[in-house]
Every structure is written in structure tokens, then in C-alpha cells.
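Here is what each chain is made of, one letter per residue.
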Amino acid sequence: MVFVPVFILILGFTIVVDYFAGIFIENSKGTRRKLFLVYSLVANIGILCFFKYYNFINTNFSFILHGFGLSNPIPYLSILLPIGLSFHTFQAMSYTIEVYRGNQKTERHFGIYALYVMFYPQLVAGPIERPQNLLHQFREKFQFDSNRVYEGLKIMIWGLFKKLVIADRLGIYVNAAYNNVEQQNGMTLMLATIFFSFQVYCDFSGYSEIAIGAAKVMGFDLMTNFKRPIFAKSTGEFWKRWHISLSTWFKDYLYFPLGGSRVSVFRIYINLMVVFLISGLWHGANWTYIIWGGINGFYLVFAMMTKKYADKFNAFTRINKFPRLLIFFQIGITFLLITFSRVFFRAKSVEDAFIVIKKMATFKGSVFNAGSALMLYSFFAISFLLMVESKKEFYTGSFSLSHHNNFWVRNSYYSFLVILIILLGVFDGGQFIYFQF
Amino acid sequence: MIRKVKNSFLQLFIVKLIAFFAVVFLSDLVIGRLLKKYYFKQESGYYYQTTYAIDKTEADILIFGSSRAANLFNPEIFEKHFNMSCFNIGRDGHPLFYHYALLKANLKRHLPKIVILSFDAGNFSIKQEAYDRLSSLLPYYSYHPEIRPIVDLKGPNEKVKMLSAIYPYNSLLLPIIAGNSAFSKTKYATIKGYVPLKEIIKGPLKTLDYTIEKELDTIKVNTYRAFLKECRAANIKLYVVCPPYMINAIGVDYSITTAKKIAQEYNISFFDYSRDTSFINKPLLFADFRHLNEKGVELLANTVIVQINNSK
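Protein chains in written order, with the working numbering: chain Z, 1 to 437; chain F, 1001 to 1312.
The set of hints was computed from the structure by calculation and includes no laboratory data.
Because the structure is a prediction, the values reported are computed rather than measured.
Possibly wrong hints are sitting among the right ones.
As the list claims (entries may be wrong) - Within a straight-line C-alpha distance of at most 20 Å, the following computed DMTMM-like cross-link-like pairs (lysine to aspartate or glutamate) qualify: (1) F:1159 - Z:428; (2) F:1295 - F:1230; (3) Z:154 - F:1028; (4) F:1016 - Z:151.
What the hints assert, rightly or not - Beyond 12 Å from chain F on every Cβ pair, some chain Z residues (computed): (5) 47; (6) 73; (7) 78; (8) 141; (9) 143; (10) 273; (11) 415.
The C-beta atom is built at its ideal place from N, Cα and C for all residues, glycine as well.
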């Protein structure tokens, strides 16, 4: 994952291809229309596959040939993955698909179309926008709106807090544990995995919020990408709250075309697994991501298969008589299931992931103390996050510092966050995890 | 009329923005001052050790290096033999940049007679961590101009970040509280900077492949050269020492061979014990594969002293 100036040509190529594909699709009928869409999709997916998956496919091909005692004649290439490639190719594809479906008129202004693909706040890590939401905004005339600027800045500050104070802080412990899994005990790896769950959420949602806030300051509204997934009560609900722009992309452009939920139950299960396996592969060219996707697909399939038993179980244990306890229980179980799958998301290899799981299952050892300050900062960061997110999730109408009527209260709250960022933020090393996708 | 309303909105916006930055600026200033006060009030701990090394030590012998200096060189043994005062400046995980900065700060106010630089395998390897570690020197940035060019290696925006009064104390809130507590005095007690290790290594011998890392960080190599030059220019007797490792090494560490060559260029003694048979395969001398225990430390000190005497 790098920024190499010459790679702008790749972006330029997809922009030109999709710009003309859009025009040709709109001007054509029947199979020609479909053909232009296929050209556009092949160009986008081809570029993505070449840069992201060439060596991965080649490695697996070598492995298969090796099984037959043959050597692989195809050379490995030293390819650098252009920054944000997965994001802008998906955004570009959504344009041609929507034009093909007739939901979006072709953008004839080349500059505006190019801006749609390259809109800088969300170019490298999303949200993956849809043309219906973004393109028309580039044609609107803007007037300075101070409230919009305030809102944008507030969102940016909270995003920076999540990224620098929470994600990067937790990342120090997570990296120490996961870079050397053989040396760690089960309890340490368990804590590191829980920390990673918070880290990846704050890292990615933090970045999304910085992008959304920056766009808002300039007068543009980007789609919400995260809706407090920590409080999801089921894995199904989790995917409605997590990386919404990607989840809905897969739903609209892969799950529905496969038949969605209008097919037999067995086909629904297959469709879900296909979507999640491809989603895993989108996240990275490694079997760990594919397994991660598979586990999450399985969760959904399993939840559908056992739905009636779950209801019976709740009635049998009478936990449904205590709705708050039931919600707490459901949130906890969902968090643990999602966190477990993230072992594969974070581990360097499938072997490492299995070592982590095996060690965690023993519940042995004492938690590695990476320094009292780091541990205390980490727990403070998580507690602060839970406090703020709980407030937003469960107590929407009550007292709010961030939206208080008094300017000085609001001002002090955001000043406090800025001070905390300078005081406790991690400014060395750390990069946005999702950049690598 | 509309223009007037717009202008008043814009004015109000600017006033609110200024008010926000004023609150941030004042809070930053007040909290930064408080942190500074209590940072320099510490009387024990790693941070106090750095302050002492920069601003206070008058020792004749100074020992520089990472944890392999802090845990491996007992100043009392050197004091006894050379009849000179000695202080161990070594600090866990801190690279050559840090030590070069400390040397420069020291030379501004006092001239040590002997300097021992503990050198580690991989000291010249390309790792960002060495640059990140320079944040330990941020509290001294404003009043030690001689260390600024070194701290600026951390990144291109350090000068801008230093506009904040809190930034030099980033992540130091809890260590500062701990450093001002009585508990810290017992926990971080050192013998003139030396932290003895009592454990004995367990487990199988670690294998390290030195043939992999061949690329060197030229900035680190140049900093090492600068350290050597600075000592020579100040007429300080400098000894570069590479303490032993208890490992099964494949190949030779490229950093050590390069450092040796450079030391020869400047006619400076380089004592390489990294694969010395009087240490290797003697687990009773090691706390872990990188660090000697108290017993090993004594043997190392005596070996170094003999070599220093021989080299005179």
C-alpha cells in the first residue's frame, strides 16, 4: 500500500474507461448496453485483480502445481498496491452499474465525473459513495453555512480522537502480541484480540468520520459508514451498522443479482456465503481474510437456520422477560462472535491464527503487562469510547455536552477532546489500517 | 440587507472559531506548564534518569547505549578500578540518535574523560522505531538547541508540533504522576543508572540469521560517525563495546562489521564480545539472550577493563 505519483495513471485510466462506458451505456440498447457495462466491469476488476491478487493467485497456483510435482513457470511480480485502489474501483463500478440500471443519468462533464471518483476526503478509505448521493452535489451552488462547518469540524475532532487516542494506542499492545504469537500466552492473546476489535473499529470509523467531517466542512454530505456496531444485537444487525457503504455495495451489486432472498432457503445460504467470501477477499489477498469472511457468512447462515430455536431458548430460559438483560446478553454474544472472527483478520497467517485460537482456548497464563501507562491509557480509551457511544445509542434525548445549547459548554467539550488528543494521542508510526485494502 | 446578514453570520462564525482556539490554546499552555513543572520535579524513573544525564551528571566515565548498556555495565566496578566517577546513561530501547543527543548536551557543560558506547547488533538496520524513540528528548527540545537537529529527524513537522506546550509531554501524564510518587523511588532504583538483572536464562538457544539484513540506514551510520568524531574532537577516550549475545548466530551482523570498520578509520578501540566464547553457551551468565545477569556483568566489566588497560 503506497502512494506512487505514476499510479495516478491507473486512476486516470479507470476514470476515462468508466466515463465513456457511462455515455455508451446510456446511448445504447439491448446487448450492446450490457456489453459496455461488461467492458467497464472487466477493466475495473482487471486492474484490481492485477495489482491486488496477482501474486496471491500465483502463490496458490504454485502450491497446486507443487502438489503434482510440477514447478510454476509464471513469474512473481514486484507489484505495489496503489493506495485506496479497492475503494475507488468499487465507487467507479457503482456508477456504471447504476447508469446501466437506469437509476443514474450519465455525467457528461468529465471534470465532475473525475471528481466523483477522486473526491479527496474519501478517495483512499471510503465511504464508498453512490452516484445518486454524490454526483448531484457537485453541481449545486454552495453558500457559506457556519453550522455546517461546525458540524464538520466536530465530526473530524471525534474521528481524530478515535484514531489517535483509541485505535493507535490499542494498536501498540495488539502489534506486540500478534507480531509474536508463539511467545504469548492465551490470556494475553485474548486481551489483544479484544483490543483489536476496538482498534479496528476506531481506526476505520475514525478515518470515515474525518472524511465525512472534511467533506461537510466543504459543503458535501457523505453517507454514514458506521452506526455504533459495538451495540449490534446480532451478527445480522452488525453488518447493517458496520462499514455500511461496503455492506450495501455488496448487497446491491452482488447479493441481489445472485437472487437475494427471493430464492430457495438453500440458495440464500449459498448467496450469503459467496458474498462474505468475496467480501473477505476484498479486504486482502490472503487466506486469513477469506476465512474471516467465511466465518462471518457462516454466522449469518447459522443464525437463520436456528432462529426459531433461539426464540424458543429465550422463552425457555425466560430471559425474554427481562428485555434489558436480553439486550445486554445479545450485545455481548455478538461482540464475542465478531471478535473471534477477527483473529483471522489480524493474524499474519492462517497458521498464526490457529496458534492464537489454540492458546486462547487454554485460558492459561497471566496477561502481559506492556507497562502500566499503556494499559491504563488503553482501558481509559475504551471506557471513554463506550461512555460516548452508549450515550448516543441509549440516551439520545438526554443531556449532551457535544450538542449542548450553550456555546461555551460545547466549546469546552471539543477543546477537551483536542487537549486529550495532544496529551494522549499516538503520533508516531501508526497508519490507518484500512489503507491497505 | 442580505449581504449585511451574511456578514454578521460570518463575523459570528469567526468569533466563535477564535473563541474555540483561544480555549484550546490556553488549556494547552496551562496544562503544558504543569506537566513541565512536574516532569522536571521527578526524582526517580527513566525520565528523571534522562534529565540527570543531560543536565546534572559530572561523572568522569559515561556509559551510553540501550538496555544492553543499562543492564550490562555496573558503574561501581569501573569507578573502583579507574578511581573515577562513573554514570550509566543507558536507556531501554533507545537508539544511537538519543545517545548522540545526550553526548552533545553533556559536552555543552562538562567534559567526561572516558566514554563507553555499548553497540548492538542491528543498530544500523532500517527501522522507524529508532526515529520514534526520539520523542523521549522532546521535553529538552526548547532549552537545548544543540539537540534540535537530532530530534528533528523524528519527522518534518516536529517544529510545528512543538508549538503546543503539551506535545513534548505526550503520553507522559501517568509516568509523570508515577515519577513524582514515593513508589517510583523503590521501583526504579538504579545503581548510578545501572539496573542489575538477577534471572538466569531458560529454554533453548535462540537462532538469529544475520544474513538477511544487509541494508543499512545511512542516517544511523552517519550519526555513529558523528558520535565518534565528537569524542575525538573533545579528546575523550572512547571505547565502543559490543557485549555478548547468547544465540546461535548464522552469519555476521552487518551493523557490527560496519561499526568496527568505522571505528578503525578513526583509530578508536572496538571491543567485540558478541560471539566471545568466554560468554557464549554459559547460561549462568545470562538473564536472557541479549542481557547478562549480575554474574555476567562482573565478568564483562573485568574483561573490558583489561582490554582498556591493554589498549592504552
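- Item | Contradicted hints - numbers only | 2, 9, 11
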